[in-house]
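Residues in the sequence shown are numbered from 2 upward in steps of one, following the working numbering.
Rather than coming from a laboratory, the hints here were simulated on the basis of the structure.
Since this is a predicted model, take the numbers as computed values, not measurements.
It is possible that some hints are incorrect.
[Unchecked claim] Derived CB-CB ranges, DEER-like:
no.: 1; residue 1: Leu320; residue 2: Ala385; range: 23 to 29 Å
no.: 2; residue 1: Pro43; residue 2: Phe200; range: 58 to 64 Å
no.: 3; residue 1: Lys272; residue 2: Pro384; range: 50 to 56 Å
The beta-carbon is built from N, C-alpha and C at its ideal position, and this holds for glycine as well.
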Amino acid sequence: VTSHLQNLFAMMATASTGHAFPTGGVLPKEETGAAKFIQENPLCDGRGCKVAIFDTGVDPGVAGLQVTSDGRPKIIDVVDCTGSGDVDMSEEKEIDKATNSVTGLSGRTLKLGTWNIPTNKVRVGLKRAFEIFPGGLKKRIATNRKTEFEESHRKAVTEAQRAIAEWDAAHKSPSEADRREKKDLEAVLDSLTEALEQFEDPGPVWDCLVFHDGDRWRAVVDTESSGDLTKVKPLTNFCDELQYGTVGGVTNTKDSAVLLNYALNIYEDGKVLCIACDAGAHGTHVAGIVAANFPDSPELNGVAPGAQIVACKIGDSRLGSMETGTGLIRALNHAKKMGCDLINLSYGESFTYENTGRVIEIITEFVNRHGITFVASAGNNGPALSTIGAPGGTASSII
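Working from the sequences, and respecting the hints, build out all of it.
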């Protein structure tokens, strides 16, 4: 996202002035002394440090967040701490050996790939994509799907109107029985009119599968809603293999290039699958500021290109990327589990009393007990009351 914004600024500047935009100046590394520090201490660029990003999520496929300055993987885990990506996988089904398929909870026949499944059983679940899509993507897909629905709906209305007109032409002196037939035709038209008025789109619904390959749990998500999973690569917990999937298209839309990356995590012996994807671009932007590394364009680097990232999504997609106390506590536990040295929370809001609240108490206890540095944003408000937002300006344990 950082590089995307810089490229956008560059194109805008070039178009308006004819001169290339100085992309190296977008991030104020010179003004803050970060660039000079790394120049004088090239090995002190964050290498060996793990930074947890508590935010809307971090895109595992974005440029600049693939490798550290010393060649290690940049993003070492992606988790959704909000519950928005959770899928109930408690139901288990036997695979039909003759067809190598199983019936998903959507009712679709799911054709499986040549995967190693010693038990010949899979767990099945169902996920509404709108529960995890970022707000902008959800709006775009909903608009496209409604447009396509309206096109097919208009055709159906036209056919119903034509049927009534043809009936009228054929029945100049209708009997009572004939009139009942016309009422049926009119009822069809009324139903179509009402259907448009009450249109509500639940969004794409994805079948999910979880199975054990004899070594570890793996999962597959039918993001195309096609039922054909033969070419879909099963994924395991992101931190184990650092692999992710991509939503490349959504059915019933003309939009075939959604390009939403997601990671998978499997919990409770396969009974819970979590689809972790961004609730918005903010978290990826923050991760880029912290630790982006562009080997061929170092002017685009973040302040610590050697650091590794643990992406903890605390912005609930179902709540417009708003955080919850439960999500923050889960994120704290995961940061400790992953051995993070620093936590960055670029969320905040106005407050009335400082150093109060259950979440603040837990963060303070966590920092004091484990020695993890906790940094939070000051906010974008002011100058006035609440210029410094919570929790960044309200808790002594948070910088």
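Hint check results:
{"no.": "1", "hint": "Leu320 - Ala385: 23 to 29 Å", "in the structure": "holds (27 Å)"}
{"no.": "2", "hint": "Pro43 - Phe200: 58 to 64 Å", "in the structure": "holds (59 Å)"}
{"no.": "3", "hint": "Lys272 - Pro384: 50 to 56 Å", "in the structure": "holds (51 Å)"}
Every hint from the earlier list agrees with this structure, and none is contradicted.
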